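Sequences are here, hints too, so could you generate the full structure?
Each residue of the sequence shown is one higher than the one before, starting from 1 at the first, in full-length UniProt numbering.
Simulated from the structure, these hints should not be mistaken for lab results.
Note that this is a predicted model, so its numbers are computed, not measured.
Don't take every hint at face value.
[To be verified] DSS-like mimics (lysine-lysine), calculated; alpha carbons at most 27 angstroms apart, straight line:
#1 18 - 62
#2 62 - 89
#3 18 - 92
#4 89 - 122
#5 72 - 62
#6 62 - 92
#7 179 - 92
#8 72 - 89
#9 89 - 67
#10 67 - 18
#11 92 - 72
#12 89 - 18
#13 18 - 122
[As the list claims (entries may be wrong)] Now the in silico label distances, taken between C-beta atoms and shown as ranges:
#14 189 - 54: 47 to 53 angstroms
#15 48 - 177: 46 to 52 angstroms
#16 176 - 67: 46 to 52 angstroms
#17 126 - 18: 17 to 23 angstroms
#18 191 - 67: 50 to 56 angstroms
#19 68 - 137: 18 to 24 angstroms
By construction, the Cβ of each residue, glycine as well, lies at the ideal position given by its N, Cα and C atoms.
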Amino acid sequence: MIDMETLLDRGIAAVVPKYQQGSGNVVEIITSDGLAASYPHTVQWALRHIAQYYGIDLESIKAHYAKMLNIKHNLPVPLAVDAIFMPVKVRKPVVDGDTASGFVNILQINDICQDDEGVYIKFRSGQRLRVLQSVNTVRNHLRDATVVRQDFLRCYIERREKSSIFHEMEEQYNMPATKGDIAVIADRLMTLMNRLGQ
Numbered sequence: 001m002i003d004m005e006t007l008l009d010r011g012i013a014a015v016v017p018k019y020q021q022g023s024g025n026v027v028e029i030i031t032s033d034g035l036a037a038s039y040p041h042t043v044q045w046a047l048r049h050i051a052q053y054y055g056i057d058l059e060s061i062k063a064h065y066a067k068m069l070n071i072k073h074n075l076p077v078p079l080a081v082d083a084i085f086m087p088v089k090v091r092k093p094v095v096d097g098d099t100a101s102g103f104v105n106i107l108q109i110n111d112i113c114q115d116d117e118g119v120y121i122k123f124r125s126g127q128r129l130r131v132l133q134s135v136n137t138v139r140n141h142l143r144d145a146t147v148v149r150q151d152f153l154r155c156y157i158e159r160r161e162k163s164s165i166f167h168e169m170e171e172q173y174n175m176p177a178t179k180g181d182i183a184v185i186a187d188r189l190m191t192l193m194n195r196l197g198q
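Printed below as a string of structure tokens:
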């Protein structure tokens, strides 16, 4: 079994539930270069691991975007600038409680297509993923995920700018005082003392 961190380093294109002969219910993780690896866990397990890798609180981010989009189900999940996932239905559950939906990284989508067998997502790697939804439904999920991505990028850029300003200020305060700095401080102290003395 391939180490999860190795897959994350390659970039994730999709996280989908599958029924695997001999293993039952598994989650398949497809990387941006087309490598696929299965784990005897759920889609939520995989999303939690990906969120931890990027340092994201999965529940908080879901709650934020559920409120923003005013939807409770089929939420896009932004985990990083290059990892914005949208939900897609990929199977019909055999057992109650099994998940029907997986998640696709919208930045890895090349096209949403339809042929005689149904709808599929074509990835930039050339791989295809069959989905059990109409082209319009998949495009609606893509639209929602694009809106989420724009908000996520705005928040990310704002945090980065604030962090940059803080680091610049910190660098300035850690520099030694020059004779000019000391002269300005001495002058202000003298002015203050004169006012207090009057």
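ask   = Of the hints given before, which are not true for this structure?
value = Of the numbered hints, 7 and 10 do not hold.
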